[in-house]
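Q: Residue-level listing of the chains:
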Amino acid sequence: MRDYAATGAPPESLSVGNSSDVVMARQLVRTLAQRTGLSLVHQTKLVTAASELGRNMLIHGGGGIVRAATVDDAGRTGVYVEFEDRGPGIADIELALTDGWTSGDGMGLGLSGARRLVDEFGIESGPDGTTVRIVKWGR
Amino acid sequence: MTDRVPILRIGDVLLVSIQVELEDQMVMDLQDDLSQRIVDTGARGVVIDISGLDVVDSFVGRMLATNAAISRMLGAETIVVGMRPAVAMTLVELGLSLKGVRTALNLERGLKLLRRLAAGPADRA
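Those protein sequence lines, which keep their order, are chains A and B. Mapped onto the numbering used here, the consecutive letters of the first sequence carry residue numbers 3 to 141. Mapped onto the numbering used here, the consecutive letters of the second sequence carry residue numbers 4 to 128.
Errors might be hidden in some of the hints.
Partner residues aside, some chain A positions facing chain B, computed with beta carbon under 8 Å [said to hold, decoys possible]: (1) S21; (2) S22; (3) V25; (4) R28; (5) L42; (6) V43; (7) T46; (8) K47; (9) V49; (10) T50; (11) D101; (12) G112; (13) G115; (14) R117; (15) E122.
Quick caveat, the hints were computed from the structure, so don't treat them as lab data. Since the structure is predicted, the reported quantities are computational estimates derived from the model, not experimental observations. All C-beta atoms in this analysis are idealised placements derived from N, C-alpha and C, irrespective of residue type, glycine included.
Isolated chain B, as found in the complex:
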């Protein structure tokens, strides 16, 4: 039995803060849990904080991209926040640019971006 990544709800935003080293099964479980929580709560936004991850490989990168796509189909925008500089450099060299995944420097900016997106496309910076 593996651990699960907790999903917190703040208003209409779901917050996923990954603080432990991810096993593949946890990554798969998170995908299931998150889509179910979006449906259950009617959340409009998801923030995934990866500041605790010192490594993001193609498996985790793919999960972030897939989660963003699934969430969008369920009516929620996903913002990935807190990526470490060394992780960003590694992902680009690995060939994973995470197209289709919105990112923000930190949690505060991620929440701001979600509010802006909710306000409508005209307000997008």
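So here's chain A without its partners, still in its complex pose:
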């Protein structure tokens, strides 16, 4: 996926270190989605995806940084959100993106479910951490 972080407006960022920060991250993304003019259904899908990814980052990556910004591309406007952690990384990304696969006590829908809820989804993972980037476009 394109590097929207480099092209869009300066992102708003938030450090996620506990579960109430996940709530704050949800609110940050919701406010931005509303400001960007996403429809209610699109807002709901994006905020839900952000909640899944924020919690994933907390549980598997030991927390990290959420950055969100409004982005434009070819006349479309959308919301870009990035989740960056310094955790141990994901050994097998394909496996982690499979429905129902879980390394913890979740339902295994975090990554795969979040990917279905957004228009663009990118993930990079290595021994130094994991970064997930998503975009939801307005109509």
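Chain B: place on chain A using the hints.
A: Just chain B, lined up with the frame of chain A:
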């Protein structure tokens, strides 16, 4: 110290109306509180009103399913009411169909459904 979701009792029904944004700890506490209240009150039904929630993610969805299963084992049926349309669309796309969780459009219909269930399986619509 996090807030707790209040559980109200109306006859043999427990009513949980979630009006605030849920933190994970509140979700866990609700599970404990609700099962204890069912045992303490002998409630036959539980209605969980989620009309105040604009987001239900897999964690909260799992809580709803787990609560329904626990309550059933304790002799109480659970009805989830008030789901917003955008939340329903998101949950289905997320892959959470909440199998095993009975739902109703609103509180009134949820209470009606509970009465019907209490009347016996033959009366189920």
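Q: All the hints need checking, so say for each whether the structure fits it.
A: Results of checking the hints against the structure:
A hinted interface residue such as A:S21 counts as satisfied when its beta carbon comes closer than 8 Å to some beta carbon of chain B; here the least separation is about 4 Å, so the hint holds. Interface restraint check for A:S22: the shortest CB-CB distance to chain B comes to about 5 Å, inside 8 Å, so the restraint holds. A distance limit of 8 Å between C-beta atoms decides the matter here; for A:V25 the minimum to chain B is near 6 Å, and the interface restraint holds. Using the Cβ-Cβ criterion of 8 Å, the hint placing A:R28 at the interface with chain B is satisfied: the shortest such distance is roughly 6 Å.
The closest approach between the C-beta of A:L42 and any C-beta of chain B is roughly 5 Å, which is under the 8 Å cut-off, so the hint is satisfied. Checking A:V43 against chain B: minimum C-beta separation of about 5 Å stays under 8 Å; hint holds. Evaluation of the A:T46 hint against chain B yields a held restraint, the C-beta minimum of about 4 Å falling below 8 Å. With a cut of 8 Å, the hint placing A:K47 at the interface with chain B holds, because the nearest CB-to-CB distance is about 5 Å.
Restraint check, A:V49 versus chain B: the minimum CB separation of about 5 Å is within 8 Å; hint holds. Look at A:T50: its Cβ gets to within about 5 Å of chain B, closer than 8 Å, so that hint holds up. Checking A:D101 against chain B by beta carbon gives a least distance of about 6 Å; that is within 8 Å, so the hint holds. For A:G112, the interface hint holds, the least distance from its beta-carbon to any beta-carbon of chain B being 7 Å, beneath 8 Å.
Here the hint on A:G115 is kept, as its CB sits about 4 Å from the closest CB of chain B, short of 8 Å. For the restraint placing A:R117 at the interface with chain B, the shortest Cβ-Cβ distance is roughly 10 Å, beyond the 8 Å limit, so the hint is violated. Taking 8 Å as the C-beta cut-off, the interface hint given for A:E122 is violated, the closest approach to chain B being about 16 Å.
The structure fails to meet hints 14, 15 from the earlier list, while all remaining hints are met.
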